[in-house]
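Protein chains in written order, with this note's numbering: chain Y, 1 to 555; chain W, 1 to 555.
Rather than coming from a laboratory, the hints here were simulated on the basis of the structure. Glycine included, C-beta positions come from ideal geometry on N, C-alpha and C. Some clues are possibly wrong.
[Unchecked claim] Now the stretches of chain W that chain Y is said to cover, found in silico as 3 or more residues with beta-carbon under 8 Å:
1) 22-28
2) 46-55
3) 108-121
4) 143-153
5) 475-482
[Unchecked claim] Some chain Y residues well away from chain W (every beta-carbon gap over 12 Å; in silico):
6) 94
7) 188
8) 199
9) 221
10) 363
11) 371
12) 378
13) 384
14) 505
15) 539
[What the hints assert, rightly or not] Derived BS3-like pairs: lysine-lysine, alpha-carbon spacing no greater than 30 Å straight-line:
16) Y/426 <-> Y/469
17) Y/426 <-> W/31
18) W/214 <-> W/380
19) W/31 <-> Y/471
20) Y/214 <-> Y/380
21) Y/471 <-> W/471
22) Y/31 <-> Y/469
23) Y/400 <-> W/482
There are 2 protein chains.
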Amino acid sequence: MADTAKAPRRPRAETPRGFRDYFGAEVTERKAMLDRIAEVYHRYGFDPLETSAVETVESLGKFLPDVDRPNEGVFAWQEDDTGSGADWLALRYDLTAPLARVAAQYRNDLPTPYRRYAMGPVWRNEKPGPGRFRQFYQCDADTVGSASVAADAEICAMLADALEAVGIERGDYVVKVNNRKVLNGVMEVAGVLDPLDPERFSAERGIVLRAIDKLDRLGVEGVRALLGEGRKDESGDFTKGAGLSGEQADVIMQFVGANAAVDDALLAASRSVNAHSKNLSLDLRTASWLNDSNFSFLPRSKTDGDLRNDFTVSYLRNLVAESSIGKEGVGELEVISDLLRAQGYESDRISIDPSVVRGLGYYTGPVFEAELTFEILDEKGRKRQFGSVAGGGRYDDLVKRFTGQTVPGTGVSIGVDRLLAALRAKGRAGEAAVGPVVVTVMDRDRMADYMSMVGALRQADIDPNDPSKGKIRAELYLGNPKNFGNQLKYADKRNSPVAVIQGADEAARGVVILKDLILGAKIAAGASLEEWKSRPAQVEVPLADLVAATRAMLA
Amino acid sequence: MADTAKAPRRPRAETPRGFRDYFGAEVTERKAMLDRIAEVYHRYGFDPLETSAVETVESLGKFLPDVDRPNEGVFAWQEDDTGSGADWLALRYDLTAPLARVAAQYRNDLPTPYRRYAMGPVWRNEKPGPGRFRQFYQCDADTVGSASVAADAEICAMLADALEAVGIERGDYVVKVNNRKVLNGVMEVAGVLDPLDPERFSAERGIVLRAIDKLDRLGVEGVRALLGEGRKDESGDFTKGAGLSGEQADVIMQFVGANAAVDDALLAASRSVNAHSKNLSLDLRTASWLNDSNFSFLPRSKTDGDLRNDFTVSYLRNLVAESSIGKEGVGELEVISDLLRAQGYESDRISIDPSVVRGLGYYTGPVFEAELTFEILDEKGRKRQFGSVAGGGRYDDLVKRFTGQTVPGTGVSIGVDRLLAALRAKGRAGEAAVGPVVVTVMDRDRMADYMSMVGALRQADIDPNDPSKGKIRAELYLGNPKNFGNQLKYADKRNSPVAVIQGADEAARGVVILKDLILGAKIAAGASLEEWKSRPAQVEVPLADLVAATRAMLA
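The shape of chain Y in the complex, shown without the other chains (with noise of 0.2 Å):
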């Protein structure tokens, strides 16, 4: 017989392809992460705001429904109710997408400038792969409506006071501030960018922005030899340069080296001050090694101790003086840098740096990246810094394609999963989440007495003089009690720091057994036999001293 009819088919118990749970503790951390960045968020004056998860692909913006299905990166479907006409839907993508759409929307009843916060889950249609999800958080604060560099510096002592309220300590995180008009200026300077033919040389701009961006990796021969002929790599392929003459390339060279100047020079002032002087305060007019040509633009005097800011200033101001958009931009740099020292930012937290290329091709005008200096061990072993944890910028036609009308816009944007895989690798997420205390089941027959028994415990402040740190976390066994060793194999898994043990004998005693699993654990696991008996985790204690007991045991 030709029967093939099936048995019904399972349904396979998988979370979709690139995506994940988070359970117990994931879940905490993350939000305690959030909790305190979004209270440094709200002090700086702005508003939550959550948007829906769902958005027209219309009004998402990037990708239109000029085919049947439309989700190019996005996951979308169509609306089944009106036919042809229906509109198309979509998870949103990220965060500023959705922000356009509500600064266009409810533009006459939202202040202006509007500050916002939003923290969430975004979605984006991609090949998962390993650490690649299809959907992760994103945190985000942006100030749309204020063209003022004063935006732009907020944002960024915003972030770095959000990185300290999490945890993360000073020194060991810079946010770098870099200027989407000053890399135009060099890029001018070096003759790749004419101001009344901005389409010309974009293919050589192209190639000068990613060898820039190489730096790191190829180093300043490399970089220089593709913004001339070209570079061949250790495996013999060859990568065409950008066919840049001696003196254009010296241009963006000199940019590249801008760090390594400033450091030269740095500690060409700290000598020449100790030569000098014990005194640490300094006139920038006079210092001798000012008579590098780079460094003579260097405006007045300024306060101590935080000369690198202006150093850095100085020296892209010389660099661009050539160009108006440049020197603009080096303008905008310098107000941001006093702006935020008048607020205590010196150049260790927040500093003015030229490397700072990422983001420079979207952003219109000052760009922040903020890393993470300290070291972790990489996956072969090997020690790096731990690097970028969040990034933003400058952009100015947010709600132009809405309305029509151009409105700026500055933001920065906190990469959830990394800042908090940064916090576990500095051990200031998740202190050993404790499990609770679980209340045993000798006698199914006494449920009512050990219900009894859990619900103190919870009543009780963990505490009694620090009602804040909470009261007692505690469940009772709602296994199958028979067996008793499958209640302690429990409260291990539950991670649990106290079993209550109550059988019949104790009853009749008025008496419980409190098992301190956390010494017990520490006990069985490195102790001899002589120990292990000398040291009893265990009491017993009249039941009115329950709570009092596990107190103790958990203090």
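Given the structure of chain Y, go ahead and fit chain W onto it with the hints provided.
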């Protein structure tokens, strides 16, 4: 010419139909409420679980990919990479289906029982309507893998604690508990359920259930008519009844009348007690009103003062005496009541209540519903009880679809939006969200000075004696500073309590002006010109006193 080329159309800046955005306090109030609920769940030993928003349609279950677009009630789409065999994905429509998937997927790793809570948005592809959204929050707690009725009791206690934790006072809520098995017992006794042929009489049972659910609207007579031949409503339309005999209908009506009978019995009991002695202690077996046969099963003397649950259990036990499933159900209710009493939860908080019918078709054992008992005014200005804010119960085939193995579960879901509405109605949410202090800009060349002021405010505790109150919320005005009136309008829109002002004159004298905007608004709203002048809501203080004076104004 037939040139019909259109100008590029701008996208509409609109939230998709049925979706909404949440601003400011709408976000923080909900978050504060969920944080308090999570604290209670955590204390009960429940662990957080956050699944992805996206599931395979196969795993969600209810909706199968047997049509081209299987989005009946869900938002679904097909993976676009592997042709016709590609998975259909969908947004979760509740938090229970993902729990079922997780319980099956991780069954070897999770503790048994597994207590988890989950909070987050869910999505329904339904026709949106007023107050009906296609994305909304759910807040669930479930215990998977315990058949013990103690798990149900625990959920009820936790629900009561959670309601109190968010600010619903004792007396303003009641958690009602019923049991599907009791209803089955009543049906059996009434002759509309045959344990040997459960499908028989299912049409009649449907009519009976719907009739019971209409008690509030139709009254006793209306329900009784629907149990028999049927009923003509005011419009003259006839609804066919279940066709029960008088005796059969009597059984159902005894069930429907359970609460009223218990009320009467409680009244009689209190009269009897008062007549015999001032002592409220009462031996139920000897009380004279127990001649009423409905209460003849009252088993033993219990603690004082809370007889309602005992009376209800006794009444129901009498009613279903001829049904074994019914007796089992009553027994479960009695155990729940006893376990809760052992923890101090009496019927004023958690009440055995046969009137809870909603959801009985879905659950397999105990069912719970939390009702808020205070009155609010409805849209038409009429008083009505606030009503249900949470519901749940026991279901026993959570993971069977995946593994073939029956795993018992019980849980509750809080209606987040409804509970938040209740808190607002009681004035327990969002106590007048105060905006940030606004530092205004009189002189745009002195932005660094203003930035330094706003920085100093933000670093200062609101109350130096109590750092737990947090730091001062403050922002710098970042719009165009030209028109000072606009700055004050902005501060007003931000609900700012204090505006800080320093023009060139004040700067020269080293002072700053603080404007009390809340007092100012009060004065402006209701004051005569004389009053207005006599209480100018602003002070001038030395710059060094900025923080102290702002603190004083905020206090």
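Hint check:
no., hint, result
1, 22-28, "holds (count 6)"
2, 46-55, "holds (count 9)"
3, 108-121, "holds (count 5)"
4, 143-153, "holds (count 7)"
5, 475-482, "holds (count 4)"
6, 94, "holds (15 Å)"
7, 188, "holds (28 Å)"
8, 199, "holds (20 Å)"
9, 221, "holds (42 Å)"
10, 363, "holds (18 Å)"
11, 371, "holds (23 Å)"
12, 378, "holds (28 Å)"
13, 384, "holds (30 Å)"
14, 505, "holds (21 Å)"
15, 539, "holds (22 Å)"
16, Y/426 <-> Y/469, "holds (24 Å)"
17, Y/426 <-> W/31, "holds (28 Å)"
18, W/214 <-> W/380, "holds (22 Å)"
19, W/31 <-> Y/471, "holds (21 Å)"
20, Y/214 <-> Y/380, "holds (22 Å)"
21, Y/471 <-> W/471, "holds (26 Å)"
22, Y/31 <-> Y/469, "holds (18 Å)"
23, Y/400 <-> W/482, "holds (24 Å)"
Violated hints for the displayed structure: none, as all numbered hints are satisfied.
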